[in-house]
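As you go down the protein sequences, you meet chains A and B in turn.
Going by our numbering, the first sequence opens with residue 1, and the numbers climb by one from there.
Going by our numbering, the second sequence opens with residue 1001, and the numbers climb by one from there.
Bear in mind the hints are in silico, worked out from the structure with no lab data behind them.
Since no wrong hints were added, every one of them can be taken at face value.
With a cut-off of at most 30 Å between alpha-carbon atoms, the simulated DSSO-like pairs for lysine-lysine come out as follows: (1) A:Lys101 x B:Lys1052; (2) B:Lys1052 x B:Lys1068; (3) B:Lys1052 x B:Lys1077; (4) B:Lys1060 x A:Lys101; (5) B:Lys1056 x B:Lys1068; (6) A:Lys101 x B:Lys1056; (7) B:Lys1077 x B:Lys1056; (8) B:Lys1077 x B:Lys1110; (9) B:Lys1060 x B:Lys1077; (10) B:Lys1060 x B:Lys1110; (11) B:Lys1077 x A:Lys101; (12) A:Lys101 x B:Lys1068; (13) B:Lys1056 x B:Lys1110.
For each label pair, taking beta carbons as the anchor points, the in silico distance ranges come out as: (14) A:Arg15 x B:Leu1113: 45 to 51 Å; (15) B:Phe1018 x A:Thr20: 42 to 48 Å; (16) A:Pro95 x B:Thr1028: 24 to 30 Å.
Predicted model, so just to flag it, every value in this text is computed and none were measured.
All C-beta atoms, glycine included, are put in the ideal place defined by N, C-alpha and C.
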Amino acid sequence: ETGVTQSPTHLIKTRGQQVTLRCSSQSGHNTVSWYQQALGQGPQFIFQYYREEENGRGNFPPRFSGLQFPNYSSELNVNALELDDSALYLCASSPGFGGIKAGELFFGEGSRLTVL
Amino acid sequence: GNSVTQMEGPVTLSEEAFLTINCTYTATGYPSLFWYVQYPGEGLQLLLKATKADDKGSNKGFEATYRKETTSFHLEKGSVQVSDSAVYFCALSDGGGGNKLTFGTGTQLKVEL
Chain A
1 ETGVTQSPTH LIKTRGQQVT LRCSSQSGHN TVSWYQQALG QGPQFIFQYY
51 REEENGRGNF PPRFSGLQFP NYSSELNVNA LELDDSALYL CASSPGFGGI
101 KAGELFFGEG SRLTVL
Chain B
1001 GNSVTQMEGP VTLSEEAFLT INCTYTATGY PSLFWYVQYP GEGLQLLLKA
1051 TKADDKGSNK GFEATYRKET TSFHLEKGSV QVSDSAVYFC ALSDGGGGNK
1101 LTFGTGTQLK VEL
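Work out the full structure: start from the sequences and follow the hints.
Shown next as structure tokens:
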């Protein structure tokens, strides 16, 4: 069983640029969530995708956007990068939306973004 | 809004010592509570969960009890091992289903021989 994989693992961008991060969910999982983890902090919820639609969003501006594809993989896009966007971006998949397994997430190792 | 407060680390213990990592929360409704663990070089993993008051979650010798009266979910283990060295995150769900979790800032545990 393949776990959650993310790419790239590390990247450096400059302020104002755009970035796309990718995530392959664990086999059989149809729900993907994205989290931002700043250094020394806990992960913060960005948004969640279920059946290719955004279903729940945290306190992040619209320049954070995403997609989910028919194979349940997902992308996180961030436009007009700011210095404060430097963080570890975590993707998590789960076998469903809500229900008894709600909150039981399988995380990837993350993509570390540095904005200069 | 929802929030989670964890004791600050790092926590350094000798092998076979008793572990407690404190976690308190603020939430509306009836959240589920979680402990996630991040071992060095690995992604976050679910350690245990509890979905209602007085429930006890347990896994790998770790336990935590959902205390609604004190809004707490402290993590305990009777005898830690070097392999337990990791960062531990307390988290809660928003109670509305879905997978939006609110995490604490994490507590680093170091276990020494």
